[in-house]
Amino acid sequence: IGWYNTFLTFRLSGKSSIQAEYQWRREEWISNWQQSLLRIGYHVQLHPRVTARLGYGWIETFPYGDIPLNGFGKQFTEHRLFQTIVLQDEVKRLSISQRWMLEERWLGRYASAAATKEEDFDLLGRIRYQVRLQHPISKPGDGQGYFYLATYDELFIGFGKNVKENVFDQNRLAGLIGFQSRSSFRVEAGFLQQLLQLGREVDGKNVFQYNNGVTVNLYYMLDLRKRN
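Adding 309 to a residue's 1-based position in the sequence shown gives its number in my numbering.
Keep in mind that the hints were calculated from the coordinates and are not lab data.
Incorrect hints may appear among the rest.
Unchecked claim - The calculated SDA-like cross-link candidates involving lysine to any residue, where the alpha carbons are at most 25 Å apart (straight line), are:
#, residue 1, residue 2
1, Lys324, Arg348
2, Lys324, Leu531
3, Lys448, Gly487
4, Lys473, Glu427
5, Lys401, Ser490
6, Lys401, Val440
7, Lys383, Lys514
8, Lys426, Lys514
9, Lys470, Glu330
With these hints in hand, go ahead and build the complete structure from the sequences.
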């Protein structure tokens, strides 16, 4: 797989901002669609080390792999609301980030294999927990940025009456090398491993996907605060 992501932050004040992101997720590195994810959220800083975020996501998931996620092998739409708390901490030069996310997910459902559009949307809940570690590997010079290494692991747990086989939904593990500019730009890239469980059985057995590939993340911050 190849996940290529862009994150734009629009700072409104010292404690609030809007973030828009687009994630272009591909199969076979870049050849075929896996998923398209567009998300927008409002951030507010509750404490110097605590941030909250509310937002909406529009996701299109495509049929990929030997066993598609949709039982009829169709592309399906997801509308998602999310609420997030992020806790930041530091131990010497090591940055530690913990993120808790609650999601309300409306997934498109087809009535039959012959259907040409989704009949309804099923509501599923999901909880996510991510821990990320980041450490600089170079010292910032005058007017320059620095390089860093990072890793994160994220666990997804589904809940609600419409969750079937995949209470354990998925886990993501990544290792990254990145560059943080002195101002508002950051880029990072590395490997990504995704373990995902389908929401249905196939031939009476649970089915797991083991997806390995690369991820590239671009971050840019635009300061919209009024200046005297």
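The hints, checked one at a time:
1. Lys324 - Arg348: Status holds; Cα separation ~20 Å.
2. Lys324 - Leu531: Within the cut-off at roughly 14 Å; holds.
3. Lys448 - Gly487: 13 Å, holds
4. Lys473 - Glu427: 19 Å, holds
5. Lys401 - Ser490: 20 Å, holds
6. Lys401 - Val440: 17 Å, holds
7. Lys383 - Lys514: 21 Å, holds
8. Lys426 - Lys514: 28 Å, violated
9. Lys470 - Glu330: With a Cα-Cα distance of about 30 Å, the restraint between Lys470 and Glu330 is violated, given a limit of 25 Å.
Consistency with the previously given hints fails for numbers 8, 9, ordered from lowest to highest.
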